[in-house]
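Student: Protein chains in written order, with my numbering: chain Y, 11 to 393; chain S, -16 to 183.
No wet-lab data here; the hints were simulated from the structure.
Treat the hints loosely; a few may be bogus.
[As the list claims (entries may be wrong)] Across the chosen pairs, the derived CB separations fall in these ranges:
id: 1; chain 1: S; residue 1: L104; chain 2: Y; residue 2: K384; range: 34 to 42 Å
id: 2; chain 1: Y; residue 1: Q159; chain 2: S; residue 2: K33; range: 24 to 32 Å
id: 3; chain 1: S; residue 1: D124; chain 2: Y; residue 2: E248; range: 48 to 56 Å
id: 4; chain 1: Y; residue 1: A202; chain 2: S; residue 2: Q51; range: 27 to 35 Å
id: 5; chain 1: S; residue 1: D124; chain 2: Y; residue 2: E205; range: 27 to 35 Å
id: 6; chain 1: S; residue 1: T125; chain 2: Y; residue 2: S80; range: 40 to 48 Å
id: 7; chain 1: Y; residue 1: K384; chain 2: S; residue 2: K88; range: 48 to 56 Å
id: 8; chain 1: Y; residue 1: G251; chain 2: S; residue 2: Q51; range: 26 to 34 Å
id: 9; chain 1: Y; residue 1: D82; chain 2: S; residue 2: A57; range: 29 to 37 Å
id: 10; chain 1: Y; residue 1: P371; chain 2: S; residue 2: K33; range: 14 to 22 Å
id: 11; chain 1: S; residue 1: A57; chain 2: Y; residue 2: D182; range: 26 to 34 Å
id: 12; chain 1: S; residue 1: F78; chain 2: Y; residue 2: E308; range: 51 to 59 Å
id: 13; chain 1: S; residue 1: E141; chain 2: Y; residue 2: A252; range: 33 to 41 Å
id: 14; chain 1: S; residue 1: L148; chain 2: Y; residue 2: M370; range: 45 to 53 Å
Backbone N, C-alpha and C define an ideal beta-carbon position, used for all residues, glycine too.
Single-letter residue listing:
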Amino acid sequence: MPDIIPSDSVGLVTPISLHIESPLKLDCGRSLASYDLTYETYGELNSDASNAVLICHALSGDHHAAGYHSMDDKKPGWWDSAIGPGKAIDTDHLFVVCMNNLGGCKGSTGPTSINPETGKTYGPDFPIVTVPDWVKSQAVLADKLNIKQWAAVVGGSLGAMQAMQWAISLPDRLKHVLIIASAPKLSAQNIAFNEVARTAIKSDPNFHNGHYADHDTLPRQGLGLARMLGHITYLSDEAMGAKFGRELRNETLNYGYGVEFQIESYLRYQSTNFVERFDANTYLLMTKALDYFDPAKEHNDDLAKTVASIKAKSLVISFTSDWRFSPERSQEIVDALLSAGKEVSYAEIEANQGHDAFLMPIPRYIEIMKTYMKQVIADSALS
Amino acid sequence: MSLRLDLQIISDWIPDGSRVLDLGCDNGTLLRHLQQRGITGYGLEIDNSKFADCITSGVNVIQADLDQGLPQFADHSFDYVILSQTLQAVKRPDFLLEEIVRVGKQAIIGFPNFGHWQCRLQLAFGGHMPQSKTLPNAWFDTPNIHLCTVQDFDKLCERDNISVLRRSIVNHAHQDTIGTRLLPNLFGQIALYQIKKQLV
């Protein structure tokens, strides 16, 4: 609900949908015969297409990274703090592309799309897509946009895994990669959290084995629980304490099991909000894509060997209070890049916001990213 | 832009095209200077407040705590490991030195000489912990927790089978004088050593 669009906003934006007719072979062995890719762009592509930056989104993100869809929007895109004219990812100089990932629920083909073979929504029959599959589909979009080489591929969390995969699989197609708040693969604890989230969704009586659309219902309870759990892991104890503490909604305890503490109320609000805008099958798929990500697996778990193919310069960033993907996990990536002799810089940002810090306008973080992106702009002119 | 003299000496000691690791690289001044001569590598720095300067200079900078050693680097993975004015600020200088000569085929270490006559005078006759241009902090608020003299450093090198290939002891203006040449531990304020691990 911006009364006026701020001057450092990309302003009103409209998503674009592209229908792809050539089949995409997926890691799971299945193929998508045809599919849609929905994306947004900000800024202008220059004549030699050298100033393009790909933003990869995380678990619950989408193609709407910056700006507003209408003057009625309550909030701008999910990474508006970093993308815009004069911002860290400066749209005065860069052409920024953000695509909804396949398997998503915001426009690109996913479980809520119609399966051309059956005429019904895919639902749980939509194939599980992986991070390398996403990179392949993003490369299809790059081809369509005539972008041979990205000036940079940028992502946080699951988005950073895609950025890393780009650098590993398609080394000639990017000059820089920004890997923010990420990990080279999930830990057992990470997978465990995802499994609890999936179990919450699948045990909802309204889930109907993923065919909830056929029953004209939604697994609200299960998806809501999954989101609550996820949300707890995105924040730090400190951030939650600072925001809610032990504050009560009313002044006295009720000695009952209703919502009493502000944090309970906040989590419920977050989850009810989320279930209306997100698809449960997509949530299951995204968590699986996270679990499966392990680029070093095919190199005998040798991450340094895995990143040996990388030609891009890297910037790796972590946040001190992030316990979902802790600084140590980012250091594993950095150590591999160092050991492979790659060009890399690494900063660990002091922040109390937990994993969510990567979406926040933390001054030191933004300063380092902005400075790095200035180098990206300078390098893009050298092509 | 001219370099601080101790950094100039370090720079002069490093051949073109070398691969270097600069420990405690600050704002990347030395690495930026070395890059012009085809010298590549990384800077390690615990404080990220000057990372923007490093990045602007095209210097690869890695946030790292030297007290943890250099476990991310393989043996002899750099031609030179540089540690300038930082040895006295780490928890275990002996441990870091071992790490440095493990990772670097050679190393260059620069540190403030606590054996300088002004330090001796302040402690002997002033009865207080020395403060100087090279060591400006008060004892209760100083990052310099492991100060040593030229003689101390020589002994540590000897104990740990580290050979001194070259040494330059200069005053606070980073000049080489008759005094610093004849009685380096008395007249030198900044000590610079080029060292390597002896093969045993």
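Student: Among the hints numbered above, which are violated by the structure, and what are their numbers in rising order?
Tutor: 1, 3, 5, 6, 7, 9, 12 and 13
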